[in-house]
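J.: Read off the chains here:
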Amino acid sequence: MYGDDGFTIFDLQLWAEGLGISAWVFITSSILGLLFGVLIGLIRYYRISVLGKILMLISEFLKNSPVLVQLFLVYFGIPALLMIDLSPVEAAIITLSGNTAAFIAVIVISSIDAIDKKQLEAARSFAMSEWQILKLIIYPQSLAFAMPMLVGLAINQLQVTSLVSVIGVVDLTRVGDIVNLRTFEPFIVWPVIGATYFVLAKMIGIAGSKLENRFNRYKRVTNI
Amino acid sequence: MIEIKDLHKNFDDLEVLKGVDLTIRPAEVISILGGSGSGKSTMLRCINGLEEISSGSVVVDGLDVTKKDELKAVRKKCATVFQQFDLYPHLKVIENITLAPVQVLGVSKTDATNKARALLESVGLGDKADVYPAQLSGGQKQRVGICRALAVGPDYILLDEVTSSLDPEMTAEVLEILKNLANDGMTMISVTHEIEFAREISNRIVFLDQGKILCDLPTADFFSADGGMADPRIAKFLSKMGTGS
Ligand SMILES: Nc1ncnc2c1ncn2[C@@H]1O[C@H](COP(=O)(O)OP(=O)(O)OP(=O)(O)O)[C@@H](O)[C@H]1O
Ligand SMILES: [Mg+2]
Numbered sequence: 001m002y003g004d005d006g007f008t009i010f011d012l013q014l015w016a017e018g019l020g021i022s023a024w025v026f027i028t029s030s031i032l033g034l035l036f037g038v039l040i041g042l043i044r045y046y047r048i049s050v051l052g053k054i055l056m057l058i059s060e061f062l063k064n065s066p067v068l069v070q071l072f073l074v075y076f077g078i079p080a081l082l083m084i085d086l087s088p089v090e091a092a093i094i095t096l097s098g099n100t101a102a103f104i105a106v107i108v109i110s111s112i113d114a115i116d117k118k119q120l121e122a123a124r125s126f127a128m129s130e131w132q133i134l135k136l137i138i139y140p141q142s143l144a145f146a147m148p149m150l151v152g153l154a155i156n157q158l159q160v161t162s163l164v165s166v167i168g169v170v171d172l173t174r175v176g177d178i179v180n181l182r183t184f185e186p187f188i189v190w191p192v193i194g195a196t197y198f199v200l201a202k203m204i205g206i207a208g209s210k211l212e213n214r215f216n217r218y219k220r221v222t223n224i
Numbered sequence: 001m002i003e004i005k006d007l008h009k010n011f012d013d014l015e016v017l018k019g020v021d022l023t024i025r026p027a028e029v030i031s032i033l034g035g036s037g038s039g040k041s042t043m044l045r046c047i048n049g050l051e052e053i054s055s056g057s058v059v060v061d062g063l064d065v066t067k068k069d070e071l072k073a074v075r076k077k078c079a080t081v082f083q084q085f086d087l088y089p090h091l092k093v094i095e096n097i098t099l100a101p102v103q104v105l106g107v108s109k110t111d112a113t114n115k116a117r118a119l120l121e122s123v124g125l126g127d128k129a130d131v132y133p134a135q136l137s138g139g140q141k142q143r144v145g146i147c148r149a150l151a152v153g154p155d156y157i158l159l160d161e162v163t164s165s166l167d168p169e170m171t172a173e174v175l176e177i178l179k180n181l182a183n184d185g186m187t188m189i190s191v192t193h194e195i196e197f198a199r200e201i202s203n204r205i206v207f208l209d210q211g212k213i214l215c216d217l218p219t220a221d222f223f224s225a226d227g228g229m230a231d232p233r234i235a236k237f238l239s240k241m242g243t244g245s
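In the order they appear, the protein sequences are chains A and Y. Using the working numbering, the first residue of the first sequence is number 1, and each one after it goes up by one. Using the working numbering, the first residue of the second sequence is number 1, and each one after it goes up by one.
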């Protein structure tokens, strides 16, 4: 009804697909980043060989160089180096997982640092194993400490996913680009795209603060 | 029985324990006195392997603390009460007490909880089972610390200046509980600055000076003029602590 340049129902479909791709890239890279980040943090905390130091060095690099550069490095570098095909989405997920892992590792280390170590010694004196101490004492307390940082990181990494459009991933931002080029309606397209990110970020924030409340319950008790 | 033989402990170049020999028999209550930095805490920590010993031996009921698998058994026998309580802040009082029994001794949650409630009741904290440590006063925290130690059914209780972080009123309430424990026949090794308390509960007093045992005497002898007090270092220590004759 708007003619060639107007919005169509397919734009809505395109938006939904872009949203799906953005969410997929975000969720998978967050999960992988979390797994690797925790692993790196723990390897560092337990001082397992020089591996911890090397991994932290890589983390430092990932934290302190532009994600866009990392994205290009992975997308153009890995296929050339390993003689394999890498789809833009795969390259995006690899890059963001690594980048997220680097931040998570630092969060893990600082949250463990924040725990009073003498209670760990107490647990040890009661014959608890290191694994039990990690699971039952370190984990719950460091999670409570880390929660606000994790939520902040998640919201930030969600925005960072928009960068993957430059290597050809048809994510939410790329969809905005496509529709904008066709309709020439930047003041409709980009606010809608922006609002979509905003709503996603808010959802993460709300879910995060719910979790935060749950894990921090023991801290908010009134002191006498 | 705890047998400490020629125990040496260094921290790098610093020699903190210089050959300590000490035997603690069941139902004995031993107080360890000595100046700051004399190695009292370190000695206590060597008993349950919180510090690795440099040389010599520590054997608890035939179990060698330097052997990894035997250390675990030693730790099940010795429960420690800490100066700063060192409770687990994210767990409720009752969970602080049941954690080790459930996780380490394999006691069922129900049994552990029932026992923990009884223990809390016995130290006058029956109504505090479901609060977090942050909601307790220092004296209450330490009473929970004692319950946590008793919950594992220990053969030995190690106490490291358990009232040093408490004001006098709270000190009294904690010492009262420990006195009852001693009377019930619990074997206790207590590092303390509470001379009067040491005098009241201990069978023996061990005086540590610069990493060596200066004397190891029955309590009455320690405080007699021709016993421990005959040593000027001990006399000086006691007069500084505001006791002695
Ligand atoms: N982990 C450690 N690393 C290095 N030095 C230590 C360590 N722990 C204790 N020391 C040193 O060992 C000596 C004895 O310490 P310890 O804590 O056993 O003394 P203490 O008799 O318990 O003293 P206080 O009455 O002040 O508690 C001190 O000089 C202390 O600085
Ligand atoms: Mg000490």
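Any given hint could turn out to be false.
Covered stretches of chain A, as calculated for chain Y (at least 3 residues, CB under 8 Å) [stated by the list, open to error]:
1. 100 to 110
2. 116 to 126
3. 213 to 221
Only pairs whose alpha carbons sit at most 30 Å apart, straight line, appear in this in silico DSSO-like list of lysine-lysine [claimed, not checked]:
4. Y:128 to A:117
5. A:210 to Y:18
6. A:117 to Y:67
7. Y:92 to A:135
8. Y:236 to A:117
9. A:118 to Y:212
10. Y:77 to A:53
11. A:202 to Y:77
12. Y:72 to A:135
13. Y:240 to A:135
14. Y:179 to A:118
15. Y:128 to A:210
16. A:117 to Y:77
17. A:118 to Y:92
18. A:118 to Y:18
19. A:135 to Y:179
20. A:118 to Y:128
21. Y:18 to A:135
22. Y:240 to Y:179
Calculated directly from the structure, the hints in this document are not laboratory data. Ideal placement from N, C-alpha and C gives every residue a C-beta, glycine not left out.
J.: Each of the hints needs a verdict: does it hold here or not?
T.: Against the structure, the hints come out as follows:
no.: 1; hint: 100 to 110; verdict: violated (count 0)
no.: 2; hint: 116 to 126; verdict: holds (count 9)
no.: 3; hint: 213 to 221; verdict: holds (count 3)
no.: 4; hint: Y:128 to A:117; verdict: 25 Å, holds
no.: 5; hint: A:210 to Y:18; verdict: 55 Å, violated
no.: 6; hint: A:117 to Y:67; verdict: 24 Å, holds
no.: 7; hint: Y:92 to A:135; verdict: 17 Å, holds
no.: 8; hint: Y:236 to A:117; verdict: 36 Å, violated
no.: 9; hint: A:118 to Y:212; verdict: 26 Å, holds
no.: 10; hint: Y:77 to A:53; verdict: 38 Å, violated
no.: 11; hint: A:202 to Y:77; verdict: 52 Å, violated
no.: 12; hint: Y:72 to A:135; verdict: 19 Å, holds
no.: 13; hint: Y:240 to A:135; verdict: 46 Å, violated
no.: 14; hint: Y:179 to A:118; verdict: 26 Å, holds
no.: 15; hint: Y:128 to A:210; verdict: 27 Å, holds
no.: 16; hint: A:117 to Y:77; verdict: 23 Å, holds
no.: 17; hint: A:118 to Y:92; verdict: 18 Å, holds
no.: 18; hint: A:118 to Y:18; verdict: 26 Å, holds
no.: 19; hint: A:135 to Y:179; verdict: 36 Å, violated
no.: 20; hint: A:118 to Y:128; verdict: 23 Å, holds
no.: 21; hint: Y:18 to A:135; verdict: 38 Å, violated
no.: 22; hint: Y:240 to Y:179; verdict: 24 Å, holds
In this structure, the hints that do not hold are numbers 1, 5, 8, 10, 11, 13, 19, 21, in rising order.
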